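Based on the provided sequences and hints, a complete structural model is requested.
Chains F and B, in that order, give the protein sequences.
The number in the numbering used here is simply the position in the first sequence, starting from 1, with 4 added.
The number in the numbering used here is simply the position in the second sequence, starting from 1, with 4 added.
There's no promise every hint is true.
Which copy is meant is left open, because identical chains are indistinguishable; a pair holds if it fits in one copy or across any two.
Derived DSS-like pairs (lysine-lysine); straight-line CA-CA distance at most 25 Å [to be verified]:
1) 192 / 86
2) 62 / 192
3) 170 / 202
4) 32 / 170
5) 57 / 86
6) 32 / 86
Derived from the structure by calculation, the hints contain no laboratory data.
Computed from a prediction, not measured in an experiment: that's the story for all the values here.
2 protein chains.
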Amino acid sequence: MPDSPFASAPLSRPSLSAAEILRLKALKEAVGGFAHELSQPLNALMIASQVIKMVVEKSALSQSERSFILQRLDIVTTQVRKASNTIDAMRTFVRGAAQTNDATDVREVVDFTLSLMGQQLSARGIRLVRNIADYPLLTRLNRAASECIMIAATAYARDLIETQTKEIDEAASEDSRVLEIDAVLVEKSPCIHLHWPKVRGEGFKVSDEAAFHEACVVMADAGGKIDITSSELTLWFPGVE
Amino acid sequence: MPDSPFASAPLSRPSLSAAEILRLKALKEAVGGFAHELSQPLNALMIASQVIKMVVEKSALSQSERSFILQRLDIVTTQVRKASNTIDAMRTFVRGAAQTNDATDVREVVDFTLSLMGQQLSARGIRLVRNIADYPLLTRLNRAASECIMIAATAYARDLIETQTKEIDEAASEDSRVLEIDAVLVEKSPCIHLHWPKVRGEGFKVSDEAAFHEACVVMADAGGKIDITSSELTLWFPGVE
Chain F
5 MPDSPFASAP LSRPSLSAAE ILRLKALKEA VGGFAHELSQ PLNALMIASQ
55 VIKMVVEKSA LSQSERSFIL QRLDIVTTQV RKASNTIDAM RTFVRGAAQT
105 NDATDVREVV DFTLSLMGQQ LSARGIRLVR NIADYPLLTR LNRAASECIM
155 IAATAYARDL IETQTKEIDE AASEDSRVLE IDAVLVEKSP CIHLHWPKVR
205 GEGFKVSDEA AFHEACVVMA DAGGKIDITS SELTLWFPGV E
Chain B
5 MPDSPFASAP LSRPSLSAAE ILRLKALKEA VGGFAHELSQ PLNALMIASQ
55 VIKMVVEKSA LSQSERSFIL QRLDIVTTQV RKASNTIDAM RTFVRGAAQT
105 NDATDVREVV DFTLSLMGQQ LSARGIRLVR NIADYPLLTR LNRAASECIM
155 IAATAYARDL IETQTKEIDE AASEDSRVLE IDAVLVEKSP CIHLHWPKVR
205 GEGFKVSDEA AFHEACVVMA DAGGKIDITS SELTLWFPGV E
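Written out as structure tokens, the structure reads:
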């Protein structure tokens, strides 16, 4: 992995309080419960829509009314299925993605992360620019850990962009709220580079850095590296042997 | 708070690894994304069902067909609303319940926890017996922390019951898979007592104890106490002044 001009992140910073860890662990337990709570109404409304379909098909409705209603019922079915898939993804994420010996393509990690967090960025007026290689970017780090690191990195960039552009007038803020994500192979290491225009120096908060502490440790343990400045963040994933 | 015959939980045990904390933090970030992913299909199918309703009301359907379909559409609406409420509850839980100066009634904490985790218990064949006081059980510990402690306690009991009854024949296991939850006021301290029949001594795993470490720390910091044995767990919440 090439040397980088950025300062390395501190690895020995004290981490979460017991109350914070307790809250996170409880969240993990709770998500399973929420997933179950969500499955029940989805099943109930799937059944209701199937029953409506049966009745409509046998009814004396005109051809155009019938096909109109059946089309809308298809939307209901499709959306229930979409929601069910999301619940499955949530359950899988809580359990941790299946551990395999296959290499992870970090391009899939970027896609997954942005499908989860893209809305949080756009809701804050942060425009996303992606430059992703059109060849595989394989790392030996497992999928679950790679996803967590990328989620942490995106959350970090999001918070820093928000801090740095706060109190800036609307028009200027629109231009400066851009997150650019580049993903390429650099000397056999998949490298994800997140960068954004630096607006204010004092926006670089130590508390933000602490929040990113575990990602740096996990990446270093795997033989990779994370570089941080106030306007960019580089994830050097360990390549495949 | 009265003295207890149980051994106190160790408070200085080393806690989560960086990888575990990273995973939990990423889950917190991800839940917001999942909530958004779930809201979109629910909105889409709510609109679809409203449109169907409009068409059905104006159609040439017989009175009985029309009222049958409208009834089923009401089910759709009700279930979508139910799912939306669950998504809101999930978002609130991730953000942390609003901090107020009001005392927390631990009976509400028990209800919330069991609504989230009841299904996980019944799926494991664990029968739940509740004996909850019919008067308020007020603690000065805030709602969010109280919920996390109760969730952690329930998860702990669930795992221990499962470990202790594993490899036991079906019939015996059915009798021994019972979790009894008592909640009463003991000398001004709200006390939640979780207990279950002890089946095998070696079922008491240290790893389980470590998982419960943060709950003990948070409770002790608040002036309460948690007692643990292999067949019971007592949460002594700090009372109101």
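Here's how the hints hold up against the structure:
1. 192 / 86: neither (37 Å within a copy, 50 Å between copies)
2. 62 / 192: So residue 62 and residue 192 fail the 25 Å test inside a copy (63 Å) and across (65 Å) alike.
3. 170 / 202: Only inside one copy: residue 170 and residue 202 sit 12 Å apart there, 57 Å across copies, limit 25 Å.
4. 32 / 170: between (32 Å within a copy, 24 Å between copies)
5. 57 / 86: both (19 Å within a copy, 22 Å between copies)
6. 32 / 86: Both: 22 Å inside a copy, 22 Å across copies.
In this structure, the hints that do not hold are numbers 1 and 2, in rising order.
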